[in-house]
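Asks: Position chain P relative to chain F; hints supplied.
2 protein chains.
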Amino acid sequence: MIKLTIFDLDDTLFNSTELSTQARRNAVRAMIDLGLPATFEEAYQVLSEVVEEYGSNYGHHFDQMLKRLNVESDKLKLYVSAGMIAYHDVKYANIRPFHDVIPTFIRLKKLEVKICILSDGDAIKQYEKILRLRLQDFLDDIIITEEVGIRKPNPKLFELPLKRAKVQPNEAIYIGDNYERDIVPCIKIGIKTVLIHRGGKYDQSNMKKRSPPPDYEIYNLNDLVSIIEKINLNQ
Amino acid sequence: MIKLTIFDLDDTLFNSTELSTQARRNAVRAMIDLGLPATFEEAYQVLSEVVEEYGSNYGHHFDQMLKRLNVESDKLKLYVSAGMIAYHDVKYANIRPFHDVIPTFIRLKKLEVKICILSDGDAIKQYEKILRLRLQDFLDDIIITEEVGIRKPNPKLFELPLKRAKVQPNEAIYIGDNYERDIVPCIKIGIKTVLIHRGGKYDQSNMKKRSPPPDYEIYNLNDLVSIIEKINLNQ
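Listed in order, the protein sequences are those of chains F and P.
Everything in the first sequence is counted per the working numbering, starting at 790 for the first residue and increasing by one.
Everything in the second sequence is counted per the working numbering, starting at 790 for the first residue and increasing by one.
Take these hints with a grain of salt, some might be off.
Copies of the same chain look alike in the list, so a pair counts if it fits in one copy or across any two.
To be verified - Straight-line C-alpha distance at most 16 Å; calculated EDC-like pairs for lysine to aspartate or glutamate:
#: 1; residue 1: Lys864; residue 2: Asp930
#: 2; residue 1: Lys864; residue 2: Glu936
#: 3; residue 1: Lys914; residue 2: Asp878
#: 4; residue 1: Lys952; residue 2: Glu830
#: 5; residue 1: Lys952; residue 2: Asp929
#: 6; residue 1: Lys864; residue 2: Asp926
#: 7; residue 1: Lys856; residue 2: Asp1012
#: 8; residue 1: Lys977; residue 2: Glu948
#: 9; residue 1: Lys880; residue 2: Glu901
#: 10; residue 1: Lys952; residue 2: Asp863
#: 11; residue 1: Lys945; residue 2: Asp926
#: 12; residue 1: Lys864; residue 2: Asp929
#: 13; residue 1: Lys955; residue 2: Glu1006
It should be emphasised that the hints constitute simulated quantities derived from the structure, not laboratory data.
Computed from a predicted structure; not experimentally measured.
Same shape as in the complex, but just chain F (with noise of 0.2 Å):
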């Protein structure tokens, strides 16, 4: 009897590497249009350079971009302050949830299962995310790492919604897109795993056996209902 739904946020339930990307274009323009001295091309390559070697939670982006870029100038912090307002407008101004969540997070409710986001991540930033996509008043329990103080892939981290919501590790069920952070640790604890296979990080290499193998594989939240009641059916 699932019980409890776990969901990841980043890719799951709105496209975050792609508004990533878009939000880092507009924040190249920006530093350009006030005089940074390289080309786009040449700015937003040293970007992408930084963004996967440093994380893309890292607070400093911009900072080590103008460093490898050997600017020298008296607006420096002028740039970097562009640069996240232009980041910052793009982002938040467009961002908004998969188009499948909200009425999926509504049948959730309908059959009384409960809902829980698990994120990895800074605090702040995520509320934002979760209060700009809207989502809160959908939800049960929200748990960001950096509040608890352990990260994705321990599985320790997948025991917590468990325990705030008193149920046993096969009456949850948790949705997300990274098969090694999300799924290995959920199926070394026993609970229902269903990778998603959508958001930017999304390719053909994601579509490999793996082994273990997740309990179902899905490409957006529409069959997630009639698997919880398929579930819940046969027990």
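Replies: For chain P alone, coordinates are given in the frame of chain F:
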């Protein structure tokens, strides 16, 4: 011969105090909408005390407010995030220069008088204000105290724009709304001074006689260019 104008930013070029008040009220409302267990009046009063005690440039007003309200909740960072979104949305959606700023800057450009902004505060935040006010193309120099490591009212800070523009003190004029922090240090080093009576902190007490007095006192920027033209005619 005046060759350089140096402007304070907050409450001199835009109505910072009033905008911050609106933004903080919006932040408190957003937190209450999410379930913050307090009345609007109570929470806003506590927030105002925090701002008064820690200063408006402190970075953790909402955290301190929640501590003082004894809010025990696993939603603390959700409240903080909602407050920050609501604050930022109001502050930067509505930021615009006082109506006389751009006409004055255009007239100063025609006179070939340089324009510098000299502002206390966090560099990224102050640059964001300048960029969202769309003042950057008028400016020959920008000095944010965090970047140079000297704060108002240290007179050494006010020597910097002179050095960078290669002008003597009596070739520069400073325009700001704060007698103690803007005007007194300029008088000490011989920069001409204009005290402008506007912005949220302006009240009748500002009208008392000051000793030493500023060279000029004005209520808006319309008179600034004629003040400069008069000085330049007499030299």
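Asks: Could you run down the list of hints and mark each one as holding or not?
Replies: So, going through the hints one by one against the coordinates:
| no. | hint | result |
| --- | --- | --- |
| 1 | Lys864 to Asp930 | between (43 Å within a copy, 10 Å between copies) |
| 2 | Lys864 to Glu936 | between (35 Å within a copy, 11 Å between copies) |
| 3 | Lys914 to Asp878 | both (14 Å within a copy, 15 Å between copies) |
| 4 | Lys952 to Glu830 | neither (49 Å within a copy, 37 Å between copies) |
| 5 | Lys952 to Asp929 | within (13 Å within a copy, 60 Å between copies) |
| 6 | Lys864 to Asp926 | between (43 Å within a copy, 13 Å between copies) |
| 7 | Lys856 to Asp1012 | neither (47 Å within a copy, 44 Å between copies) |
| 8 | Lys977 to Glu948 | within (11 Å within a copy, 65 Å between copies) |
| 9 | Lys880 to Glu901 | neither (33 Å within a copy, 40 Å between copies) |
| 10 | Lys952 to Asp863 | between (53 Å within a copy, 15 Å between copies) |
| 11 | Lys945 to Asp926 | neither (26 Å within a copy, 53 Å between copies) |
| 12 | Lys864 to Asp929 | between (46 Å within a copy, 11 Å between copies) |
| 13 | Lys955 to Glu1006 | neither (26 Å within a copy, 68 Å between copies) |
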